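Number of protein chains: 2
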Amino acid sequence: MALTLYDLAGAEPNRRFSPYCWRIRLALAHKQLPVETIPWRFTDKDVIAFSGQGRVPVLVDADKALAGSWTIANYLEQKYPDRSLFGGPVGAALTRFVESWTDTILQPGLVPLILVDVFARLHEKDRAYFRASREQRLGMTLEAACADRDKRVIGFRQSLEPLRTTLRGQSFLGGETPNYADYIVFGAFMWARSTSPFELMEKDDPVALWRGRLLDRFEVAGRAPGYDD
Amino acid sequence: MALTLYDLAGAEPNRRFSPYCWRIRLALAHKQLPVETIPWRFTDKDVIAFSGQGRVPVLVDADKALAGSWTIANYLEQKYPDRSLFGGPVGAALTRFVESWTDTILQPGLVPLILVDVFARLHEKDRAYFRASREQRLGMTLEAACADRDKRVIGFRQSLEPLRTTLRGQSFLGGETPNYADYIVFGAFMWARSTSPFELMEKDDPVALWRGRLLDRFEVAGRAPGYDD
Numbered sequence: 001m002a003l004t005l006y007d008l009a010g011a012e013p014n015r016r017f018s019p020y021c022w023r024i025r026l027a028l029a030h031k032q033l034p035v036e037t038i039p040w041r042f043t044d045k046d047v048i049a050f051s052g053q054g055r056v057p058v059l060v061d062a063d064k065a066l067a068g069s070w071t072i073a074n075y076l077e078q079k080y081p082d083r084s085l086f087g088g089p090v091g092a093a094l095t096r097f098v099e100s101w102t103d104t105i106l107q108p109g110l111v112p113l114i115l116v117d118v119f120a121r122l123h124e125k126d127r128a129y130f131r132a133s134r135e136q137r138l139g140m141t142l143e144a145a146c147a148d149r150d151k152r153v154i155g156f157r158q159s160l161e162p163l164r165t166t167l168r169g170q171s172f173l174g175g176e177t178p179n180y181a182d183y184i185v186f187g188a189f190m191w192a193r194s195t196s197p198f199e200l201m202e203k204d205d206p207v208a209l210w211r212g213r214l215l216d217r218f219e220v221a222g223r224a225p226g227y228d229d
Numbered sequence: 001m002a003l004t005l006y007d008l009a010g011a012e013p014n015r016r017f018s019p020y021c022w023r024i025r026l027a028l029a030h031k032q033l034p035v036e037t038i039p040w041r042f043t044d045k046d047v048i049a050f051s052g053q054g055r056v057p058v059l060v061d062a063d064k065a066l067a068g069s070w071t072i073a074n075y076l077e078q079k080y081p082d083r084s085l086f087g088g089p090v091g092a093a094l095t096r097f098v099e100s101w102t103d104t105i106l107q108p109g110l111v112p113l114i115l116v117d118v119f120a121r122l123h124e125k126d127r128a129y130f131r132a133s134r135e136q137r138l139g140m141t142l143e144a145a146c147a148d149r150d151k152r153v154i155g156f157r158q159s160l161e162p163l164r165t166t167l168r169g170q171s172f173l174g175g176e177t178p179n180y181a182d183y184i185v186f187g188a189f190m191w192a193r194s195t196s197p198f199e200l201m202e203k204d205d206p207v208a209l210w211r212g213r214l215l216d217r218f219e220v221a222g223r224a225p226g227y228d229d
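Chains A and B supply the protein sequences, listed in that same order.
Here the first sequence is numbered in my numbering, starting from 1 and rising by one per residue.
Here the second sequence is numbered in my numbering, starting from 1 and rising by one per residue.
So here's chain A without its partners, still in its complex pose:
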């Protein structure tokens, strides 16, 4: 098989939960490119040392190794131009804004709602590393960060308003069909779905309905181990 993706996994090898890896798994599915995924844990640094850095996603295409979701998505778009991920250069530029919103608002907003559950799904060998690195970043314990999540979810739902308003008017961020901007945002929800039973949204939230359309559309996501809230 030509393509290999190193993909973050929990204790169970098929529980894949990295939001950045999900972006690429959906990009590959969008382009209908078969891929072999290799379950990888945070502490398997040596396994991907050949990529020159220590984080996933790492994609191997024949003799090429690529790291970083944006780099990989652009590589796929260039190397396999059929079924565009961006709809052209302006689409790619605007996708960066969706990515920035996801990285600076959506994902940080999910942290205090799901991080204890992410921890609970980890492989034993990753736990000490994960707890120490995240608690240093947060300046508090995982448990303290996720205290009061029943209250904090209200602010989280409000923070989705730009996404919600957009999805009231169109089926996907990309328009009538999804594209890479959708997969960036959806990756964050797959991170949550793969690890946490916590209910993020009301069932009739336009964001929840959009997530449902993507779960229906992509087997790789819809059949992945996770919690349906």
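None of these hints come from the bench; they were simulated from the model.
Among the clues, some could well be false.
Derived lysine to any residue pairs resembling SDA-like cross-links, with alpha carbons at most 20 Å apart [said to hold, decoys possible]:
hint, chain 1, residue 1, chain 2, residue 2
1, A, K31, B, P89
2, B, K79, B, L33
3, B, K45, B, A65
4, B, K31, B, Q78
5, B, K45, B, A67
6, B, K31, A, P89
Predicted, not measured: the structure shown is a model, and the values here were computed from it.
Fit chain B to the known structure of chain A by using the hints.
What follows is chain B alone, placed relative to chain A:
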């Protein structure tokens, strides 16, 4: 002249400050379409009654009248396809997310920083209407809404993070050159610049630098009456 735009003005006819009208003025400049603009005030409802509603922007193109910035932008894109505003259908779909972010986060974030200054720039005949309608919407006086703006600006600057992160990596939201997504966001800053001397950003903020690039690029904006912070 073929195109006429009804454009919200303050006491001085050349002080144009509607963020939605600015979107269209920039779209017209982008397409290099000459336009006659007519200063319009909130209480001039009868003047645009022909458009079927009571708000600007209203664009008249020969025998056609169009209202609403998104409708007008799409009309211009179809009727005058040279120099695309969206870069294709995916670009147009993704622009909706930028618009939603601007409408639900950026502009509401500016309200408590500039609204008293907007009021001070209004034509005498608009003041009672503006104060009554805005205070009903806000549930408080204009002055109360803008109290503590020196403190609130900190949260406003934080809210720009998705925009800031994007503009650290590229010159414009549209990529190497600006397009309608830029004009949507820039319109909000023109609303502020036209009415308020309040300093929204540090001078070296990537958002301030981007705003400067657009002011330099478009005379219609750069030469408009306003406050340089």
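| request: Report the numbers of all earlier hints that the structure fails to satisfy, in ascending order. | output: Structure breaks no hint.
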